[in-house]
Amino acid sequence: MTSQTIRVGRVLRAGTRGFAIGCAVMQPDIPAFGSFVRAEGLAPGSAIYGLIYDVSMEDDPLVRQIVSADPPEEVVRDQRRNRQIPIEVSVLAVGCAHDEDIRHCLPAQPPVTLDWLYQCTDEEVQAFTSAGNTYAFDYFRLVLDAREVPVDELLAASLRTAAASRAESERERFLIEAGRALVRLLSSDPVRLEGLLRRLSRL
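Using my numbering, you'd call the opening residue of the sequence shown number 1 and step up by one each time.
I should point out that these hints are in silico values taken from the structure, not numbers from a laboratory. In this text, a Cβ means the ideal position worked out from N, Cα and C, and glycines have one as well. Hints are not guaranteed to be accurate.
Cβ pair distances, simulated, as ranges [as the list claims (entries may be wrong)]:
hint: 1; residue 1: Thr-134; residue 2: Arg-202; range: 21 to 27 Å
hint: 2; residue 1: Glu-73; residue 2: Glu-194; range: 43 to 49 Å
hint: 3; residue 1: Arg-184; residue 2: Met-57; range: 37 to 43 Å
hint: 4; residue 1: Gly-45; residue 2: Leu-197; range: 33 to 39 Å
hint: 5; residue 1: Glu-172; residue 2: Gln-109; range: 34 to 40 Å
Please work from the sequences and hints to get the whole structure.
Laid out in structure tokens, this is it:
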């Protein structure tokens with residue numbers, strides 16, 4: 001569970017539907033596919049929420065030189081810590097907030113280049129997936145409509161993250177409600193719905 005704010009990396013490029021960030025190294029659990037992340041919005045007190053859907057490591061010029069030379073372990077560790085080309089993390093925008101009023105929608109403006117991207121804490125994930133005394137799953141539509149994104153896997157991973165942020169006694173109820181929301185959205189696509197529900201049953 002994540003109870004502290006962790007910086008993932010800085011924004012490389014951004015658009016309304018999503019953005020890419022760069023980071024030097026990967027921590028054990030960050031960045032991770034399906035993680036909820038947050039960037040500061042342009043307006044004071046605003047934020048943009050997203051889901052990590054891809055992590056890409058382009059080849060580093062130094063890697064090309066040493067990859068076939070069976071380098072010593074200390075050289076490998078140094079290269080991983082001091083990459084010349086950043087690890088690129090792709091994020092799908094799924095919500096925004098202003099003064100703690102969270103909405104599942106595309107942001108009016110994307111984050112600015114070199115802004116920090118943070119991993120959401122458990123409390124932030126709970127707030128994003130809750131609405132008063134009920135759960136909020138409106139972001140499902142944004143994920144389902146996304147292109148060039150592994151949609152079904154991303155939804156399942158995000159629900160795994162959201163369930164893990166909650167007390168163990170609440171997780172089953174949360175996933176049941178998520179399944180009901182998917183039934184409403186995908187009733188016309190029973191094959192896909194069955195696949196997603198099967199994934200949820202294994203969480």
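Each hint, compared with the structure:
| no. | hint | result |
| --- | --- | --- |
| 1 | Thr-134 to Arg-202: 21 to 27 Å | 24 Å, holds |
| 2 | Glu-73 to Glu-194: 43 to 49 Å | 47 Å, holds |
| 3 | Arg-184 to Met-57: 37 to 43 Å | 38 Å, holds |
| 4 | Gly-45 to Leu-197: 33 to 39 Å | 38 Å, holds |
| 5 | Glu-172 to Gln-109: 34 to 40 Å | 38 Å, holds |
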